[in-house]
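Undergrad: Start from the sequences, fold in the hints, and give me the full structure.
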Amino acid sequence: MAEILSLREAVASLVRPGDTVAMEGFTHLIPFAAAHEVIRQGVTDLTLVRMTPDVIYDQLIGMGAARKLVFSWGGNPGVGSLHRFRDAVENGWPRPLELDEHSHAGMANRYVAGASRLPFAVLRGYRGSDLATRSPTISTVRCPFTGEELAAVAAVNPDVTVIHAQRADRDGNVQLWGLVGIQKEAALAAERVLVTVEEIVDALDPRPGAVVLPSWSVHAVAVAPNGAHPSYTAGYTVRDNDFYQAWDPISRDRDTFLAWMRAHVLEAA
Amino acid sequence: MAEILSLREAVASLVRPGDTVAMEGFTHLIPFAAAHEVIRQGVTDLTLVRMTPDVIYDQLIGMGAARKLVFSWGGNPGVGSLHRFRDAVENGWPRPLELDEHSHAGMANRYVAGASRLPFAVLRGYRGSDLATRSPTISTVRCPFTGEELAAVAAVNPDVTVIHAQRADRDGNVQLWGLVGIQKEAALAAERVLVTVEEIVDALDPRPGAVVLPSWSVHAVAVAPNGAHPSYTAGYTVRDNDFYQAWDPISRDRDTFLAWMRAHVLEAA
Amino acid sequence: MSWTPDELMTVNAARALAGARTCFVGIGLPSAAANLARRTVRPGLVLIYESGTLGSKPSRLPLSIGDGELADTADAVVSVPEIFNYWLQAGRIDVGFLGAAQVDRYANINTTVIDRGPGRPEGRLPGAGGAPEIAAGCGKVLMVVRHSRRNLVERLDFVTTVGHGSGPGDRARLGLPGAGPVAVITDLGVLRPDPETAELVLTELHPGVSAEQAAEATGWKLRTAPDVGETEPPTAEELAALRELSDRGA
Amino acid sequence: MSWTPDELMTVNAARALAGARTCFVGIGLPSAAANLARRTVRPGLVLIYESGTLGSKPSRLPLSIGDGELADTADAVVSVPEIFNYWLQAGRIDVGFLGAAQVDRYANINTTVIDRGPGRPEGRLPGAGGAPEIAAGCGKVLMVVRHSRRNLVERLDFVTTVGHGSGPGDRARLGLPGAGPVAVITDLGVLRPDPETAELVLTELHPGVSAEQAAEATGWKLRTAPDVGETEPPTAEELAALRELSDRGA
Numbered sequence: 001m002a003e004i005l006s007l008r009e010a011v012a013s014l015v016r017p018g019d020t021v022a023m024e025g026f027t028h029l030i031p032f033a034a035a036h037e038v039i040r041q042g043v044t045d046l047t048l049v050r051m052t053p054d055v056i057y058d059q060l061i062g063m064g065a066a067r068k069l070v071f072s073w074g075g076n077p078g079v080g081s082l083h084r085f086r087d088a089v090e091n092g093w094p095r096p097l098e099l100d101e102h103s104h105a106g107m108a109n110r111y112v113a114g115a116s117r118l119p120f121a122v123l124r125g126y127r128g129s130d131l132a133t134r135s136p137t138i139s140t141v142r143c144p145f146t147g148e149e150l151a152a153v154a155a156v157n158p159d160v161t162v163i164h165a166q167r168a169d170r171d172g173n174v175q176l177w178g179l180v181g182i183q184k185e186a187a188l189a190a191e192r193v194l195v196t197v198e199e200i201v202d203a204l205d206p207r208p209g210a211v212v213l214p215s216w217s218v219h220a221v222a223v224a225p226n227g228a229h230p231s232y233t234a235g236y237t238v239r240d241n242d243f244y245q246a247w248d249p250i251s252r253d254r255d256t257f258l259a260w261m262r263a264h265v266l267e268a269a
Numbered sequence: 001m002a003e004i005l006s007l008r009e010a011v012a013s014l015v016r017p018g019d020t021v022a023m024e025g026f027t028h029l030i031p032f033a034a035a036h037e038v039i040r041q042g043v044t045d046l047t048l049v050r051m052t053p054d055v056i057y058d059q060l061i062g063m064g065a066a067r068k069l070v071f072s073w074g075g076n077p078g079v080g081s082l083h084r085f086r087d088a089v090e091n092g093w094p095r096p097l098e099l100d101e102h103s104h105a106g107m108a109n110r111y112v113a114g115a116s117r118l119p120f121a122v123l124r125g126y127r128g129s130d131l132a133t134r135s136p137t138i139s140t141v142r143c144p145f146t147g148e149e150l151a152a153v154a155a156v157n158p159d160v161t162v163i164h165a166q167r168a169d170r171d172g173n174v175q176l177w178g179l180v181g182i183q184k185e186a187a188l189a190a191e192r193v194l195v196t197v198e199e200i201v202d203a204l205d206p207r208p209g210a211v212v213l214p215s216w217s218v219h220a221v222a223v224a225p226n227g228a229h230p231s232y233t234a235g236y237t238v239r240d241n242d243f244y245q246a247w248d249p250i251s252r253d254r255d256t257f258l259a260w261m262r263a264h265v266l267e268a269a
Numbered sequence: 001m002s003w004t005p006d007e008l009m010t011v012n013a014a015r016a017l018a019g020a021r022t023c024f025v026g027i028g029l030p031s032a033a034a035n036l037a038r039r040t041v042r043p044g045l046v047l048i049y050e051s052g053t054l055g056s057k058p059s060r061l062p063l064s065i066g067d068g069e070l071a072d073t074a075d076a077v078v079s080v081p082e083i084f085n086y087w088l089q090a091g092r093i094d095v096g097f098l099g100a101a102q103v104d105r106y107a108n109i110n111t112t113v114i115d116r117g118p119g120r121p122e123g124r125l126p127g128a129g130g131a132p133e134i135a136a137g138c139g140k141v142l143m144v145v146r147h148s149r150r151n152l153v154e155r156l157d158f159v160t161t162v163g164h165g166s167g168p169g170d171r172a173r174l175g176l177p178g179a180g181p182v183a184v185i186t187d188l189g190v191l192r193p194d195p196e197t198a199e200l201v202l203t204e205l206h207p208g209v210s211a212e213q214a215a216e217a218t219g220w221k222l223r224t225a226p227d228v229g230e231t232e233p234p235t236a237e238e239l240a241a242l243r244e245l246s247d248r249g250a
Numbered sequence: 001m002s003w004t005p006d007e008l009m010t011v012n013a014a015r016a017l018a019g020a021r022t023c024f025v026g027i028g029l030p031s032a033a034a035n036l037a038r039r040t041v042r043p044g045l046v047l048i049y050e051s052g053t054l055g056s057k058p059s060r061l062p063l064s065i066g067d068g069e070l071a072d073t074a075d076a077v078v079s080v081p082e083i084f085n086y087w088l089q090a091g092r093i094d095v096g097f098l099g100a101a102q103v104d105r106y107a108n109i110n111t112t113v114i115d116r117g118p119g120r121p122e123g124r125l126p127g128a129g130g131a132p133e134i135a136a137g138c139g140k141v142l143m144v145v146r147h148s149r150r151n152l153v154e155r156l157d158f159v160t161t162v163g164h165g166s167g168p169g170d171r172a173r174l175g176l177p178g179a180g181p182v183a184v185i186t187d188l189g190v191l192r193p194d195p196e197t198a199e200l201v202l203t204e205l206h207p208g209v210s211a212e213q214a215a216e217a218t219g220w221k222l223r224t225a226p227d228v229g230e231t232e233p234p235t236a237e238e239l240a241a242l243r244e245l246s247d248r249g250a
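Residue numbers (full-length UniProt numbering), protein chains in the order written: chain A, 1 to 269; chain B, 1 to 269; chain C, 1 to 250; chain D, 1 to 250.
Don't read these hints as lab results, they were simulated from the structure.
All of these numbers come straight from a predicted model, not from anything done at the bench.
Note that CB positions come from ideal geometry on N, CA and C, so glycine has one too.
Some hints could be false.
To be verified - Residues from chain A shown here face chain D by an in silico Cβ test under 8 angstroms; the list is partial:
id, residue
1, Ala12
2, Ser13
3, Phe26
4, Trp73
5, Pro77
6, Glu90
7, Ala105
8, Arg124
9, Ser129
10, Val180
11, Gly181
12, Val238
13, Asn241
Claimed, not checked - Far from chain A, some chain C residues (derived; all Cβ distances over 10 angstroms):
id, residue
14, Asp75
15, Arg146
16, Thr235
TA: So, in structure tokens, the structure goes:
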């Protein structure tokens with residue numbers, strides 16, 4: 001059953017140094033508040049998993065929290081590069097970053113296998129791509145009925161998955177809607193699940209397009225209003241596109257980045 | 001794009017002798033009206049696919065429309081046996097019925113593979129069960145990462161899938177809700193898709209738990225009010241549990257069955 | 001208050017769910033027991049039906065696993081592939097609760113075909129449904145079966161669903177993650193696998209039923225555990241709850 | 001009315017969608033073109049975004065593939081695994097529309113790493129995203145790329161996404177079901193694969209642009225098709241629609 005905790009308690013009890021951590025949300029519902037708490041608590045040596053690393057992982061990587069990144073598209077959507085990600089990969093600053101790189105279809109199916117507790121998933125993918133030559137988690141498998149060779153990807157099973165959702169009830173049942181992305185699969189693939197929510201409500205009245213994660217599939221729920229900012233929470237907040245644009249100059253320079261993180265993350269909350 | 005047709009036209013244009021036909025609906029939304037139209041049009045030599053054959057296939061089998069059944073549980077839910085199914089299997093009446101038999105998990109994954117246009121799906125299933133020895137569509141596959149051996153099931157790709165749904169709009173977009181079962185996978189696995197609906201509406205306002213099949217993934221939509229009876233359509237009709245109970249004596253005897261079908265199906269509509 | 005053996009069987013099956021958080025419910029007797037448990041020993045029990053409902057709270061007994069009320073009262077409704085892949089196969093369910101046509105001494109189940117003897121066609125049963133993967137993937141399995149030589153047999157004509165295979169260690173060899181069947185609850189008492197041999201032995205008898213009666217109604221030479229308990233008769237509350245459920249049933 | 005080469009590129013890219021029913025839309029230039037097509041040549045075009053939307057009808061250009069309006073205006077929102085497995089992989093999408101960092105003469109794409117020469121670390125690009133499977137599974141592929149030696153290169157440093165591989169027959173050999181790239185639309189004109197060799201050749205030039213200019217801006221020795229067309233300038237309607245879209249963009 002999910003415990004309802006403060007964000008500080010939830011991160012302290014669920015996210016440990018060296019963990020494999022997935023913070024998911026496909027543009028929508030990205031758990032920024034939780035990531036900032038991870039940074040404040042100084043959790044390090046993380047293997048970060050995420051289809052679209054986005055600004056959230058640029059921040060974690062730039063602060064030195066990660067030793068490895070598992071991903072499929074690492075940019076600032078609609079804006080350009082993730083400069084901290086590039087600096088880590090190209091120059092090893094602030095520390096080298098190991099990569100395991102996939103396509104979106106591959107990553108999505110790795111989560112599906114993880115949520116299903118299968119060791120791998122099958123897809124038509126990677127054919128002719130050099131990606132397969134660089135990743136130990138891409139292989140092939142032969143159909144026992146037709147003989148066709150297909151791509152196989154290894155399951156991903158994070159130690160912790162962190163997601164943001166619209167709301168939970170007092171028992172810890174979680175409800176999210178809008179672009180539901182890979183949230184459910186990422187949560188169900190993990191050993192431990194932390195969900196930040198905009199609010200706790202008495203009852204989760206049904207909503208079109210809503211996904212419900214029952215309390216017994218979640219470990220901690222923490223209230224974090226506007227906890228997806230600069231991403232958004234459909235029905236509560238809108239995407240702060242200006243922030244995404246502003247992140248480009250902030251993140252280009254190491255010192256500007258560090259000063260920003262100090263002012264807005266380390267000394268905040 | 002879906003064409004909106006009469007049920008008679010839709011069946012005539014999409015369901016052909018010798019086809020592999022899936023009529024799905026897990027207790028809910030079973031397309032009885034369409035099945036009755038198939039019987040009236042005298043389509044035969046069908047390979048019928050369905051997780052839970054139910055009364056709908058008892059009727060098709062008893063009328064001699066099927067040469068083969070692909071399934072995972074063939075009973076009258078909460079009541080007892082499907083007598084026409086048993087008579088066909090045990091005594092070859094009115095014609096012999098070939099079987100390809102799975103578990104629910106296996107059948108569900110066969111549809112998933114079909115909808116994904118993969119030749120097979122992987123699951124943890126059938127271990128130690130004699131089912132694997134009787135079906136050519138159950139095999140094994142080895143994980144290329146861990147070496148573990150898992151069950152593999154062949155994709156199912158019906159020539160036609162028939163489902164019932166709450167409603168469609170005038171463009172042929174289809175909306176269904178409640179127990180959505182295996183409806184989406186069965187539809188997307190097929191070459192041709194026929195959907196019967198309770199009504200055509202101007203706009204599909206969003207509904208909690210609704211699945212939408214866009215018009216361009218459907219071939220024909222036909223209005224069939226109460227078209228799931230004795231099954232039901234959440235929000236429109238309730239399950240006729242009395243009919244399911246009444247089916248037991250009707251279907252026990254060949255002549256009683258034939259008389260009932262003549263009066264209620266062949267000479268109806 | 002008087003009660004029938006069937007009523008005590010269902011009450012006793014409900015009691016077996018006292019410690020469970022989540023239960024994957026087969027239709028029929030298991031569904032009656034699981035719904036009774038929610039009204040008696042385990043109000044918070046999460047009922048999961050293979051039709052795709054998580055946390056159903058029906059007010060009456062459903063006739064089928066797809067009655068509308070199962071969906072209307074659920075915490076979440078998911079697709080059939082999802083219920084099997086993400087929830088059952090992933091090992092999230094504590095207890096699988098099954099009925100059965102034929103059960104052998106290692107709690108293996110046949111729901112496929114009956115051998116009627118030479119020259120006669122096989123008798124057809126409904127088939128596997130969800131049982132093979134429910135028995136494989138749940139933390140443990142409870143079964144509820146009427147006690148007769150027809151149901152509890154010396155040898156299965158077909159193994160649809162593996163309980164303990166051919167004895168100790170078989171589940172591990174087959175790679176079945178859950179503990180398998182821990183109790184077969186009948187209208188005469190309860191059989192449980194012997195911890196050493198995995199063979200079902202008589203561990204509990206209903207009031208007024210003798211071990212001989214149970215052995216007589218069992219298709220194999222039924223052994224009796226060293227200390228056979230007597231099933232507590234249904235309490236007035238249990239009986240009232242069960243009868244209210246059944247009256248509201250279809 | 002005056003217009004920029006970028007505007008004509010986008011207008012021309014939109015025109016290429018005239019016959020399409022469904023389009024899997026990459027973010028950036030492809031999204032601008034696909035949304036413009038819905039306002040000009042193809043009002044009924046079904047836009048599919050990898051964030052899980054089927055039939056998005058945004059009123060302004062989304063900055064990312066996950067902007068709220070894409071979901072709010074969609075016919076259906078599905079999960080990310082579903083969009084890739086049931087819709088893209090299953091071959092239901094007519095056109096995949098991609099941008100690219102590096103493209104070679106066989107319309108293969110690199111969006112992964114840039115070789116900066118000996119002793120220098122590889123330059124990092126965003127990665128594959130949906131492109132490998134979009135290019136594999138859609139009926140055909142359109143690309144929109146700014147015409148420069150940096151983008152249209154002699155040799156890719158890394159093959160992220162296969163276009164026509166190393167020439168004719170390669171897609172079939174690799175088991176890629178779709179027809180692959182049929183046009184690379186640039187701000188100077190359009191390159192299309194030669195029917196015999198599968199090599200991208202110049203087939204269309206913007207008004208006022210010469211074949212020499214296009215060749216100069218191409219990293220390989222660009223061949224010119226026998227009959228090079230001239231791109232129709234944008235109509236007033238096209239330009240108005242594009243500018244309205246862009247003004248409303250983020």
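Undergrad: Return the status of the interface hint for A:Arg124: holds when the least beta-carbon distance to chain D is below 8 angstroms, violated otherwise.
TA: 5 angstroms, holds
Undergrad: Report holds or violated for the interface hint on A:Ser13, using the least CB-CB distance to chain D and a cut-off of 8 angstroms.
TA: Violated, because the Cβ-Cβ distance from A:Ser13 to chain D comes to roughly 29 angstroms (cut-off 8 angstroms).
Undergrad: Go through the hint on A:Ser129 and say holds or violated, using the shortest Cβ distance to chain D against 8 angstroms.
TA: 5 angstroms, holds
Undergrad: Any Cβ of chain A at or closer than 10 angstroms to C:Thr235, or is the non-interface label fine?
TA: 28 angstroms, holds
Undergrad: Would the hint on A:Val180 be counted as holding, given a Cβ-Cβ threshold of 8 angstroms to chain D?
TA: 6 angstroms, holds
Undergrad: Would you settle whether the hint for A:Ala12 is holds or violated, based on the nearest Cβ-Cβ distance to chain D being less than 8 angstroms?
TA: Status violated, d = 30 angstroms.
Undergrad: Take a quick look at C:Arg146 and tell me if its Cβ sits farther than 10 angstroms from every Cβ on chain A, holds or violated.
TA: 32 angstroms, holds
Undergrad: The hint names A:Glu90 as touching chain D; please verify it with the least Cβ-Cβ distance against 8 angstroms.
TA: Hint on A:Glu90: holds, closest Cβ of chain D at ~5 angstroms, below 8 angstroms.
Undergrad: At a threshold of 8 angstroms, is the proposed contact between A:Gly181 and chain D supported by beta-carbon distances?
TA: 5 angstroms, holds
Undergrad: With a cut-off of 8 angstroms on the beta carbons, see whether A:Ala105 makes it to chain D.
TA: 4 angstroms, holds
Undergrad: Is the nearest Cβ of chain A still more than 10 angstroms from the Cβ of C:Asp75?
TA: 5 angstroms, violated
Undergrad: Verify the interface restraint on A:Val238: the C-beta must sit less than 8 angstroms from at least one C-beta of chain D.
TA: Nearest chain D Cβ about 7 angstroms off; hint holds.
Checked against the numbered hints above, the structure violates hints 1, 2, 14; every other hint is satisfied.
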